[in-house]
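*Asks:* Which chain is which? The protein sequence lines are Y and L, in order.
Residue numbering for the first sequence follows the working numbering, starting at 48 and increasing by one per position.
Residue numbering for the second sequence follows the working numbering, starting at 456 and increasing by one per position.
Among the hints, a few may not be true.
[Claimed, not checked] Pair by pair, the computed Cβ-Cβ distance ranges are:
(1) Y:G253 / L:A487: 22 to 28 Å
(2) L:A510 / Y:L537: 41 to 47 Å
(3) Y:K76 / L:S484: 45 to 51 Å
(4) L:A481 / Y:D336: 47 to 53 Å
(5) L:F515 / Y:A674: 21 to 27 Å
(6) L:G483 / Y:D268: 40 to 46 Å
(7) Y:P350 / L:R518: 19 to 25 Å
(8) Y:F556 / L:A481: 46 to 52 Å
(9) L:A487 / Y:A418: 54 to 60 Å
Read the hints as simulated data drawn from the structure, not as lab findings.
Glycine residues also receive a C-beta, built at the ideal position from the N, C-alpha and C atoms.
The residues making up each chain are set out below.
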Amino acid sequence: MQPQHLQFIDYSIMLIYVGFVVGIGFALKRYMRTSADFFLSGRSIPAWVCGLAFLSANLGALELVGMAASGAKYGIATCHFYWLGAIPAMVFLGVFMMPFYYGSKARSVPEYLKMRFDERTRCFNSMTFAVMTVFASGISMNALAQLLHSLLHWNYFFSLVICSGVVLVYVLKGGLTSAMYTEVLQFFMIVLGFAPVVWLGLKDVGGWDALKDILHGVSQDPTKLGLNTSHDFGPDAWTSAWRPIIAGPTANPMGVDLFAMVFGLGFVLSFGYWCTNFLVVQRAMAAKDMGAARRTPLIAALPKMLFPVLVILPGMIAVGLAATGKGGYSLPGVQISDGDYPAAIAAVRDASKQPGMNRNDPAPVTAPIAAAVHHNLNADKIAALVGDNNAQPMSDDDIKARLQGAVADPDYNGVILSLVTRYCPPGLMGLALTALLASFMSGMAGNVTAFNTVWTYDLYQAYLAPNKTDQHYMRMGHYVTFVGIVLSGLCALVARNYSNAMDIIQLVFGFVNAPLFATFLLGMFWKRATSHGAFFGLCGGTLTSMLFHGCTIAAGNTPGIKGAWISQVQTFPSEMAQNFWLASFAFLSCFLLTVAISLATSRTKSDEELKGLVYSLTEKVREPDQAWYGTPAFLGTLLLLACLVLNIYFW
Amino acid sequence: MGLDIRLPIGMMFSLLGGLLVVYGLATGSDAATYQGSLGININFWWGLVLLAFGAVMLIFALRARFSTK
Numbered sequence: 048m049q050p051q052h053l054q055f056i057d058y059s060i061m062l063i064y065v066g067f068v069v070g071i072g073f074a075l076k077r078y079m080r081t082s083a084d085f086f087l088s089g090r091s092i093p094a095w096v097c098g099l100a101f102l103s104a105n106l107g108a109l110e111l112v113g114m115a116a117s118g119a120k121y122g123i124a125t126c127h128f129y130w131l132g133a134i135p136a137m138v139f140l141g142v143f144m145m146p147f148y149y150g151s152k153a154r155s156v157p158e159y160l161k162m163r164f165d166e167r168t169r170c171f172n173s174m175t176f177a178v179m180t181v182f183a184s185g186i187s188m189n190a191l192a193q194l195l196h197s198l199l200h201w202n203y204f205f206s207l208v209i210c211s212g213v214v215l216v217y218v219l220k221g222g223l224t225s226a227m228y229t230e231v232l233q234f235f236m237i238v239l240g241f242a243p244v245v246w247l248g249l250k251d252v253g254g255w256d257a258l259k260d261i262l263h264g265v266s267q268d269p270t271k272l273g274l275n276t277s278h279d280f281g282p283d284a285w286t287s288a289w290r291p292i293i294a295g296p297t298a299n300p301m302g303v304d305l306f307a308m309v310f311g312l313g314f315v316l317s318f319g320y321w322c323t324n325f326l327v328v329q330r331a332m333a334a335k336d337m338g339a340a341r342r343t344p345l346i347a348a349l350p351k352m353l354f355p356v357l358v359i360l361p362g363m364i365a366v367g368l369a370a371t372g373k374g375g376y377s378l379p380g381v382q383i384s385d386g387d388y389p390a391a392i393a394a395v396r397d398a399s400k401q402p403g404m405n406r407n408d409p410a411p412v413t414a415p416i417a418a419a420v421h422h423n424l425n426a427d428k429i430a431a432l433v434g435d436n437n438a439q440p441m442s443d444d445d446i447k448a449r450l451q452g453a454v455a456d457p458d459y460n461g462v463i464l465s466l467v468t469r470y471c472p473p474g475l476m477g478l479a480l481t482a483l484l485a486s487f488m489s490g491m492a493g494n495v496t497a498f499n500t501v502w503t504y505d506l507y508q509a510y511l512a513p514n515k516t517d518q519h520y521m522r523m524g525h526y527v528t529f530v531g532i533v534l535s536g537l538c539a540l541v542a543r544n545y546s547n548a549m550d551i552i553q554l555v556f557g558f559v560n561a562p563l564f565a566t567f568l569l570g571m572f573w574k575r576a577t578s579h580g581a582f583f584g585l586c587g588g589t590l591t592s593m594l595f596h597g598c599t600i601a602a603g604n605t606p607g608i609k610g611a612w613i614s615q616v617q618t619f620p621s622e623m624a625q626n627f628w629l630a631s632f633a634f635l636s637c638f639l640l641t642v643a644i645s646l647a648t649s650r651t652k653s654d655e656e657l658k659g660l661v662y663s664l665t666e667k668v669r670e671p672d673q674a675w676y677g678t679p680a681f682l683g684t685l686l687l688l689a690c691l692v693l694n695i696y697f698w
Numbered sequence: 456m457g458l459d460i461r462l463p464i465g466m467m468f469s470l471l472g473g474l475l476v477v478y479g480l481a482t483g484s485d486a487a488t489y490q491g492s493l494g495i496n497i498n499f500w501w502g503l504v505l506l507a508f509g510a511v512m513l514i515f516a517l518r519a520r521f522s523t524k
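Please build the complete structure, drawing on both the sequences and the hints.
*Replies:* Now the structure itself:
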């Protein structure tokens, strides 16, 4: 990607945005009187604000970048992460689970676990959640700072400090309320900042039908994508959501079978994330009443259903443009690391010195240079570079730019920004980059507010310092907001220098999260589930996912961190398939263990104590003044039908 | 909570929209700037969209404010 030079207008747009989000924080400061105001927004937020904040907190910068990358690699099937992997779970949360979360007056998801089961399960869940949020925001901070460095040549540390500093200021001032209010503003910023880029891209590629035609060609010869396979996936692998999945793992680029997709992603991972992750559930818990809390995920589901246009379509457009080579577009190459440049530049100069270079056979010229940069290079571009350098010696910086332009290994995470730089003139460029910053900040503020609440209520108040004054916990909230951001910054540095360490950490959290939904499902809908059952079932599920990972591997990976570190029992066609199957096994073992142990142990909580926490012991929520067409059940059904229509249309 | 979020959203997008419209008008004659955006003065047109969105938000916010008073 060519570095961009921003102009005055672009910086003005960014500054106006920063001014407004910080301003919102200061405007809300006077409402922050008690810890409940700071951590729970005093349960006073209208449903539509909760709904958009719910969506926005999940829409971090990594999601935007990653979904466009998947759109390029997998096509329309990526939409399953939305239509199958989000909408049903969001409807379930609103219709069935919210009455217990909101009605129990729990202040956090771990606290609900304590009320339903006991301290052990809460402690396990809150500790893993707290550590996970810090690492998640660290990883996304690192990604953003590297992106800004490669695109704008901003200093890595400068980007890190400025972006997290802005989040720190408005969360400190206005707590959860200001995080949620700014998330609404950021939601509109993201939509309105990226929409014109998608529109221009679609127009450029010749419209939806033309794009489909191009993608039919690409899926039959995916070498064009640098996917490292010449496998013919069949014409509709990039343009249908279900047909390639039903046809089996060899017919779709995800390498996933139908069961793993529907049960692993659509049930276990999806419900596990949307129904139990405090990061999103917190937004609904802040609603002003039960009706608003239940409508929060339903309101969020509508835009979520349409988001693929904004985040997945750009990836598909990029592939379409690259396949036709329109306007000289090619997928952005992987960044050459700074340490490899000196050797590569020397190799270019060496090649230029050798007389009689054969222009018709550029491969031998390219080989030593490619070895120096550790990536595949486009031989024609390298031959031209060597020729030009021979005719007139070039400066180091010029050679660097040409080398980067010749990298042939595609960097899918760069596709969204490559479209931004292609279409945006100064002005719109500022708007699109501000949208990227907004998505980063909304994701980060989501992590920070969830972290400070869980730390203060579920760890600090529960174990370290119970029975202090409310002002004491509020002060703790302020400190820990600051500490949380500093820790995330440190994690960003770890991620930058030891990317393997981050892989291991993410892996461990994958183990912990996979079985979690079984615990909640049984806890909420089966009054016989006991606290022993929940705790040991959860531990057993986590252990199962570890063992499963130790015995399986995806094709093409070497045993080790990617799996099979115990023994190689089963090989999956792709990492995604391995991941979905792992979740399925972890869920089932946690479910069965919890049931078995619960039946073998006696209940520690009476029916009376479980009132409001378990389905069969809780009175149904009634909204007498609500017409039938406004009830969560009816709205949820409508959303599911709409989602079904989308699935059939893109079948 | 005492702040109606539609107010700052409306203000911000009106401001950004206005800025883009003015910038689009000022640079509209420069064909090279808009070569990338397929020859469309996207700053001007998208600025109008932002302006319209901001205005709608402001109208809702102000209407709610006056109806409660």
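*Asks:* Among the hints numbered above, which are violated by the structure, and what are their numbers in rising order?
*Replies:* Number 9 - this is the single hint that the structure violates.
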